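Engineer: The primary structure of each chain is shown beneath.
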Amino acid sequence: MSYAYLFKYIIIGDTGVGKSCLLLQFTDKRFQPVHDLTIGVEFGARMITIDGKQIKLQIWDTAGQESFRSITRSYYRGAAGALLVYDITRRDTFTHLTTWLEDARQHSNSNMVIMLIGNKTDLESRRDVKKEEGEAFAREHGLIFMETSAKTAANVEEAFINTAKEIYEKIQEGVFDINNEANGIKIGPQHSPSSPHAPSGSLGQQAGGGCC
Amino acid sequence: MAALMASVRDNFIGYFRTGEDTRIRFSVEPTAGEEGFQQWKHALKAVARLPMGIPHEFRRKIWLRLAEDHIRESKLDWEKTKRVCFNERSNPDDNKLGRQIVKDLHRTGWNGFSGQEAEDDRATLKRVLLAYARFNKAVGYCQGFNVLAGLILDVVERKEDDALKIMIFVIGHVLPQSYFSNNLRALSVDMAVFRDLLRLKLPQLARHLDHLQDAAKDSNGSHYEPPLTNVFTMQWFLTLFATCLQKSTVLRVWDSILLEGSEVILRTALAIWGKLSPRIQGVDSADQFYGTMGLLMQEMLELNMIDCKDLLAEIYSMAPFPFPEVTELREKYTYNITPLHSTAKRVNIFSDDETEMTEDDMAATIGCFTGMIPPTQTPLPRPRADDGHILDIQSVTPGALSPQPDMGSPWQQSTLERTTMDITTLRKQYGKLRERQAQAQIILAGAHAQRKPARERHQHQRAPPTGTFPPMTGAPIIINHLYLSNSSGGRGRGVRSGRGGVANPCHGVRTMQPSQRDRHGLVEARNGTQADVSTPAHASADVPSQGDRHGLVEARNGTQADVGAPAYATADFPSQDGETEDSVEEGENSRRGDDDDDNVQRTRSATCPAAAEPPSDDGEATAASEGGGGWGGGAAAGLANVKPRRTTSVSICEPLSSQRPTTKSTHYPFPRRHSLQRSNVCMQLGMYGHRAGVVGAGVACGGDPSSRHVGDAAEPGVTEIKASHINQCLHRQYMAQIKVERN
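Protein chains in written order, with our numbering: chain Y, 1 to 212; chain R, 1 to 743.
Don't take each hint at face value.
Computed from the model, here is a short list of chain Y residues facing chain R with C-beta under 8 angstroms [stated by the list, open to error]:
#1 6
#2 35
#3 68
#4 71
#5 75
#6 78
#7 175
#8 178
#9 182
Calculated directly from the structure, the hints in this document are not laboratory data. This structure is a prediction, so every number in the text was calculated from the model and none was measured. Virtual Cβ for every residue (Gly too), placed ideally from N, Cα, C.
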């Protein structure tokens, strides 16, 4: 599968906020109400197209429990993007964001694009964290912000793809040194922007579930 | 029973043919007594390796029996434990634990705990998990337990207290300690051990994986791609393969694990990777590797890609029991001990190891380094004692020598940058380290106090050249640096002695206060020998927690000391943590001592009993000038107590100099002085000199900088230890440490 770039993502956040469900929704376009616990680290991948270029997203999904932090940290390095996820129905997951953010900033490369995600918007009635709060937090820390629902798939595509766009823009601006893979960006083996396999439209997808 | 025998008959023929002991007696229940139990277990081990393994109907009994034996051995009052653990009333800690457990209950999809109809099963699972958390408060609940408990409950037919017994047995006895606690320390160790075993057993695959990982290096040459096997082994090990193999296979693997121990986990992983190897060798990038592995994992779980019998046969045949290398490797990665002469591996630990160093580990590691001398690639001349005895630290602290990782300067540079980001972590670690050293000091001070009378006697009578110092008798003692690091609290002390010497961790009673958290490399050579200092108690600048180590070297009765470990810290950085009061006080004593020999003596006695001797005839006063303490606020003092008695080539110390030692102008044997001065990390950590003033250890060499220089004091033939080597070596080790920490 040829691609112009490969972007590495990492998904972080408290346990049970829906990290794995977001990944599954993004890679497989399905929602598992009961998703098995992530033990350690899992991964998924999917192709997207930005600006006519095939981009492969390699996504690391991490366990949220505190004891796994030291192990999952080694995956922060070499990530170009991070999805920092909290659960809008559980305030504690929101209050822990600072710790996660610190951790991410500390262990990743400085250019990493971080997307803050308030997940579970389908549970509006149980909302515990206002959208404005999420926005304010994102503004304050220079993050992109979105609210999503892994269940209804609302904004899930956008979350991953907007992050990719941001990274792509940074590449265009020369912020990311694409020759340094430590930035989480790899140039594809056969860079072919006009690949005949590229789906039509600006955004497309192929494959998923860690099998591309 | 009959079924078991039948199973044995059916499957045992091949086993008989192998010429194994055929007089094994099989039974589901062991006969009475320890011997009966061992026989029973032995027989079951044999059954477990048969093609069909232990029949499922006996599994429950057998697991339970094994668990009960453990519980009996640990003298656990089971009835009481059960009452406490399954107490219906809520304990104070339950809420938090319970919330996490409940959150994970329905996510235990492995064997039917997640469906709507499984409400009761989930309640059972919850009770077992909560019970275990209450039993083992240190661990509490760790994700992955739910999978283990789910499987166990399945085997014991949902009987809760049986499940708890087996949980206790598996987590507390079968698996290495800290598998689920302490940041999953032991798990990380096993992941690293596994990678070494892979290199050993499947070298081709290991090389290929290393190659894929190496392709992903940043410009500084450090990996940003974690070792490729980690994602998988991590999960396999945490769930004991429950989530990656088919259930019947998992149960057989568990039989072996319970009977043979945790090395079976490593064996199983090796066997699996062996099976996957042909498909993995075809991939040519890390990215492709993960993609392929995604497919293979699915096939393993759903398509029975791995044949159970083959797998088990491989597990048993790959190496004799116990697996020859496992214990050593586990120790190596647990304590970061590198066996001598294995340079390559050392590099590996530091560059790849994903393990997070805990405070303890870090302290232990640093402790290990104290007795380190430069790597064997540039062999140091071995110092010879006058009597021809080789004074080699290896003879005293085996394992203390540690080949250094080969790290280029770009690497160091990048590490330095990252280091600055790790201040918080380091500060915490350092705090803890010092706390421990404080405790250590008390122990040592106590030990010293007992010896003191003998020493005091000695102070009033010169020992003849062949004189025997009361405490110095017997053959050189082998010092386990781990022990020093971990338990005695002599952490960081590289202690050695000359011929007939005894490891002598004494440094001052007074050191208890300010310097108690400092490290001292104390080297003492007596009886006409000379001390060579291989204890680089040292301190290179950017190495915060080493910043206040001290090398204390003393040579008596004879010749001279050559100091390889002038523990420096520059005087440029006033301590920031206000902990230097004692230091200052000592320093003042020292200064007062300028005009008053008695006073000097008092100070010296107080601060450094090991060095407490009257000033020598030629007026050399061994300074006790607590380095920075003496000059305003505890700038650092590393020191080397160089105390020649008859050698005049060294003007060791001007009589306790009233001048402030001007570190900047001194001849500085360490090449990295610049970085010393520049290290913001150390400054922020308040490490320079704070307390470094080290009363006690502190014999700063007055105003004569040259006296610090290693070689200056040397008479012809005296070997010079290059302090700079030591310094560099330590620096690298520490930098590597930080990297491990980061990873």
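Engineer: Hint by hint, work out which the structure violates, then give me just those numbers in ascending order.
Structural biologist: 7 and 8
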